[in-house]
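Protein chains: 2
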Amino acid sequence: MRKMLLLGIIAFSFNAFSNTDSTFIRKIYDTALVQGHAYENLRSLCKDIGARITGSAEAKMAVQWGKSILEQYELDKVYLQEIKVPHWERGTKEAAWLTDEKGKVYKLHIIALGGSVGTHGLIEGEVLQVESIEELEAMQPSQVEGKIIFFNRPFDQKMIQTFKAYGACVDQRWEGTNAASKLNAKGVVIRSMASSSDDHPHTGSMHYDEGVNPIPGAAISTNDADLLTKWLKKGKVILKMEMDCRIYPDQLSHNVIGELSGNKDDQIITFGGHLDSWDVGEGAHDDGAGIVQSIEALRILKDLGYEPNHTLRCVLFMNEENGNFGGKNYAKFAAEKKEKHLCAIETDRGGFLPLGFDVVGNEEQLAFVRSFMPLLKYYDLLKFNPGYGGVDISPLREYYPEMLQLGMSVNSQRYFDYHHSEADVFDAVNKRELELGAAAMAVIIYLVDQYL
Amino acid sequence: MRKMLLLGIIAFSFNAFSNTDSTFIRKIYDTALVQGHAYENLRSLCKDIGARITGSAEAKMAVQWGKSILEQYELDKVYLQEIKVPHWERGTKEAAWLTDEKGKVYKLHIIALGGSVGTHGLIEGEVLQVESIEELEAMQPSQVEGKIIFFNRPFDQKMIQTFKAYGACVDQRWEGTNAASKLNAKGVVIRSMASSSDDHPHTGSMHYDEGVNPIPGAAISTNDADLLTKWLKKGKVILKMEMDCRIYPDQLSHNVIGELSGNKDDQIITFGGHLDSWDVGEGAHDDGAGIVQSIEALRILKDLGYEPNHTLRCVLFMNEENGNFGGKNYAKFAAEKKEKHLCAIETDRGGFLPLGFDVVGNEEQLAFVRSFMPLLKYYDLLKFNPGYGGVDISPLREYYPEMLQLGMSVNSQRYFDYHHSEADVFDAVNKRELELGAAAMAVIIYLVDQYL
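As they're listed, the protein sequences go chains E and Y.
At position 443 of the first sequence (counting the first as 1) the number is 442 in numbering that gives the first Met the number 0, and the numbers step up by one without a gap.
At position 282 of the second sequence (counting the first as 1) the number is 281 in numbering that gives the first Met the number 0, and the numbers step up by one without a gap.
Simulated from the structure, these hints should not be mistaken for lab results.
Any given hint might turn out to be false.
In this list, chains with the same sequence are indistinguishable; a pair is considered to hold if it fits within one copy or across any two.
[Unchecked claim] In silico DMTMM-like pairs for lysine to aspartate or glutamate, Cα to Cα no more than 25 Å straight-line:
id: 1; residue 1: 157; residue 2: 39
id: 2; residue 1: 239; residue 2: 426
id: 3; residue 1: 157; residue 2: 20
id: 4; residue 1: 376; residue 2: 363
id: 5; residue 1: 339; residue 2: 197
id: 6; residue 1: 157; residue 2: 302
id: 7; residue 1: 163; residue 2: 29
id: 8; residue 1: 157; residue 2: 225
id: 9; residue 1: 157; residue 2: 426
id: 10; residue 1: 229; residue 2: 39
id: 11; residue 1: 103; residue 2: 20
id: 12; residue 1: 229; residue 2: 134
id: 13; residue 1: 76; residue 2: 39
id: 14; residue 1: 59; residue 2: 426
id: 15; residue 1: 157; residue 2: 29
id: 16; residue 1: 83; residue 2: 208
id: 17; residue 1: 233; residue 2: 81
id: 18; residue 1: 163; residue 2: 20
id: 19; residue 1: 163; residue 2: 432
id: 20; residue 1: 66; residue 2: 306
id: 21; residue 1: 376; residue 2: 155
id: 22; residue 1: 92; residue 2: 421
id: 23; residue 1: 376; residue 2: 432
id: 24; residue 1: 26; residue 2: 155
id: 25; residue 1: 382; residue 2: 432
These numbers were taken from a predicted model, which means no experiment stands behind them.
Taking the hints into account, I'd like the entire structure generated from these sequences.
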């Protein structure tokens with residue numbers, strides 16, 4: 000062993016944890032793993048309600064479902080927070096075909112992007128493949144006009160964290176139709192934002208800039224994207240597509256809130272996930288898992304007789320997927336009511352093995368959270384790094400810029416196999432991994448409530 | 000924040016890592032994730048060979064498969080190591096039924112335990128449920144005689160590490176038939192060693208003590224175990240079963256070995272997994288994953304032009320599941336040839352997200368391995384604790400008691416959903432998780448080769 004010995008003076012701060020803490024944490028895990036409700040609640044949300052896009056009947060049912068579950072746990076308060084939300088529907092037609100120069104035909108696995116306009120009948124155009132918005136914008140209008148633009152920049156498989164790989168290509172989905180429309184393209188298809196090679200297309204949100212002529216946008220499966228690339232290497236390819244998705248007027252909907260009141264002061268610890276999902280699959284990992292974990296965290300603390308110092312507020316946010324009006328309004332209402340907010344915690348990365356928590360805060364806040372690590376390493380919670388809280392809680396930063404935010408960090412390797420696709424179903428969630436996440440949420444809420 | 004500030008003098012030792020190390024580690028990961036062979040090799044092992052119990056034609060094919068893959072990578076040496084192995088076959092008949100006092104019948108999901116004798120026709124007996132061998136041994140012979148003993152102690156769901164839960168109940172499978180036979184029971188069924196509730200029965204090894212009358216042993220699914228318990232609460236239950244499994248004379252088989260020779264000395268770093276599997280499913284997680292990861296680790300190091308200091312020896316061990324004659328003989332041959340062994344590393348806990356490595360060694364060896372942590376945390380390898388190396392490499396401890404052993408530690412939450420059952424198939428393995436494990440193996444081999 001070639002090594003060196005170093006003597007150094009290290010300054011570190013720590014919280015004065017007691018045996019009570021470690022005993023209570025053990026009880027939280029025991030309850031989650033042996034008498035857990037999270038898995039059966041997830042089954043109910045996925046099977047009794049199903050996919051629940053904002054504005055749908057299912058989303059309305061999900062609001063009632065969430066309120067009813069929270070009420071059944073006899074919390075101090077359960078209430079709805081009214082918000083206005085967009086209403087987009089996929090419709091019943093969704094099909095697309097490739098044709099090569101010899102007339103060979105292939106039917107694509109396609110899915111409209113959320114927010115897209117329909118095609119108003121069958122449209123067709125020659126396919127123009129690009130790897131980025133910048134590549135498209137550098138082209139002559141004559142190269143683009145009347146074509147269907149195929150954005151094909153894939154996930155970077157080298158990235159260890161799949162959320163980073165997603166972040167590095169999602170601009171194609173969110174902005175691609177705008178760039179294409181400005182050059183008079185007829186439509187857009189994107190390679191699905193997925194790390195796996197399979198036949199599921201993955202939807203997700205897109206938007207139209209003001210003044211832009213709205214052209215339809217859809218995603219094709221990663222396997223189909225590879226096939227299309229191969230065809231394009233051989234010659235001209237025509238893509239025909241029909242979708243009848245539509246945008247309806249905004250609707251009323253709700254965030255669903257359950258609280259245990261604090262004994263010490265009126266400060267609030269917000270935690271939650273989002274109740275809406277896309278309209279395919281069952282919204283199991285995204286974010287049924289976060290919903291049932293947040294409910295379960297509060298249920299466990301309540302059932303263990305825990306009396307919180309601060310108000311523990313579980314929020315089932317509506318409309319994270321296409322607008323985030325649940326999160327934006329929650330933050331706005333909080334500021335208007337001059338609520339005091341101590342911390343916000345989100346779980347929205349799938350019901351996979353929890354690894355720790357991302358920290359949004361300054362150095363001192365990071366050190367505070369890291370001081371919990373000796374208590375948590377036994378539970379394989381080993382990862383406490385600066386990072387991201389979550390979409391739902393991030394609008395709180397505008398009004399409470401110095402507040403600590405935490406995002407539960409989980410094994411991200413499988414998430415984008417399921418994300419926004421028909422594969423995101425209850426059966427893809429492992430019971431113990433889901434329960435460990437619920438326990439981790441309860442534990443971090445407890446520690447923040449005790450020591451912040 | 001209630002906290003305290005402490006100033007302390009900390010002594011720590013570290014390896015003098017260079018930028019070369021972190022650059023090379025990055026290259027290993029890039030190769031595994033972008034140009035990986037592990038996933039396609041696993042597909043081939045699972046689909047072209049399939050389940051490969053010791054002594055079967057599939058096991059013979061797997062030996063040829065392993066040799067051929069290693070040869071294709073143009074290593075310095077590829078060879079077989081001849082060993083004698085047991086040969087047990089399940090046969091074609093395997094069925095069991097419950098009947099209650101009213102004559103209600105239920106067909107069980109059953110699987111013979113590996114090594115069990117057959118029933119020689121349909122046998123039947125009243126079911127006697129026990130939770131442990133001790134409980135059975137405390138009974139009067141008259142209570143047990145002629146009965147079929149049902150060992151039903153389940154996985155302890157409270158245990159965070161599922162391997163510990165397995166270890167805490169596997170004695171029922173390994174020893175249960177001996178205890179039951181000594182009290183003249185007719186046969187044994189055990190609750191499957193699984194953390195999940197489902198219909199797959201899970202097999203695994205059992206044995207007969209010398210002089211004990213061999214009675215048949217089988218596992219039933221966890222769902223069926225719960226059903227049987229319910230029936231037993233209502234009254235007497237008769238179990239009928241037929242199995243025609245047989246024990247054949249020992250056979251010749253082989254460990255398969257591939258090496259890159261060391262430049263500095265003749266010390267050996269052994270790493271591997273086991274090539275045999277049980278005869279159900281496809282042996283994908285157990286231990287196809289470990290086999291392809293070990294091969295891939297060596298392939299990556301070779302393809303990156305790495306010239307090792309010590310001999311890097313990849314061993315595909317035969318017969319881990321029912322006898323461990325591959326591991327035992329490998330250790331014995333090494334000692335007989337007076338080989339110098341520096342370190343042994345095993346991957347046999349499924350192709351799941353790698354978390355770190357278990358360390359078998361003294362305090363200094365543990366500190367040595369932990370000194371790698373700053374290099375590895377970016378890759379989410381955060382867990383380096385005293386623990387277990389693996390079944391295949393553990394016989395080396397007899398001859399090289401002071402040698403460092405490492406066992407790759409992975410997310411254990413899903414492993415026992417698949418273990419030794421028909422559910423352990425290629426499709427249950429996630430490509431990126433498998434590849435990250437292959438990279439972690441290559442990295443730890445590289446670091447040990449460089450710094451030990």
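Structure-based check of all given hints:
1. 157 - 39: between (36 Å within a copy, 18 Å between copies)
2. 239 - 426: Close neither inside one copy (34 Å) nor across copies (33 Å); limit 25 Å.
3. 157 - 20: between (40 Å within a copy, 18 Å between copies)
4. 376 - 363: Cα proximity of residue 376 and residue 363: in one copy and across copies (21 Å, 21 Å).
5. 339 - 197: Cα proximity of residue 339 and residue 197: none, with 47 Å in one copy and 47 Å across.
6. 157 - 302: Cα proximity of residue 157 and residue 302: across copies only (17 Å, versus 44 Å in one copy).
7. 163 - 29: So residue 163 and residue 29 pass the 25 Å test across copies only (15 Å; inside, 34 Å).
8. 157 - 225: Within one copy only: 18 Å inside, 45 Å across.
9. 157 - 426: between (28 Å within a copy, 22 Å between copies)
10. 229 - 39: between (45 Å within a copy, 21 Å between copies)
11. 103 - 20: So residue 103 and residue 20 fail the 25 Å test inside a copy (67 Å) and across (51 Å) alike.
12. 229 - 134: So residue 229 and residue 134 pass the 25 Å test inside one copy only (20 Å; across, 66 Å).
13. 76 - 39: Answer is within; shortest intra-copy Cα gap is 23 Å, inter-copy 54 Å.
14. 59 - 426: within (24 Å within a copy, 36 Å between copies)
15. 157 - 29: between (37 Å within a copy, 5 Å between copies)
16. 83 - 208: For residue 83 and residue 208, only the intra-copy Cα distance (20 Å) is at most 25 Å; the inter-copy one is 72 Å.
17. 233 - 81: neither (54 Å within a copy, 52 Å between copies)
18. 163 - 20: between (34 Å within a copy, 24 Å between copies)
19. 163 - 432: Both: 22 Å inside a chain and 16 Å across chains, each within 25 Å.
20. 66 - 306: Cα proximity of residue 66 and residue 306: one copy only (22 Å, versus 63 Å across).
21. 376 - 155: Classified as between; 20 Å across copies, 31 Å inside a copy.
22. 92 - 421: within (16 Å within a copy, 39 Å between copies)
23. 376 - 432: Cα proximity of residue 376 and residue 432: in one copy and across copies (16 Å, 22 Å).
24. 26 - 155: For residue 26 and residue 155, the Cα distance is within 25 Å only across copies (15 Å; inside one copy 41 Å).
25. 382 - 432: both (16 Å within a copy, 18 Å between copies)
In terms of the numbered hints stated before, the structure departs from hints 2, 5, 11 and 17, listed from lowest to highest.
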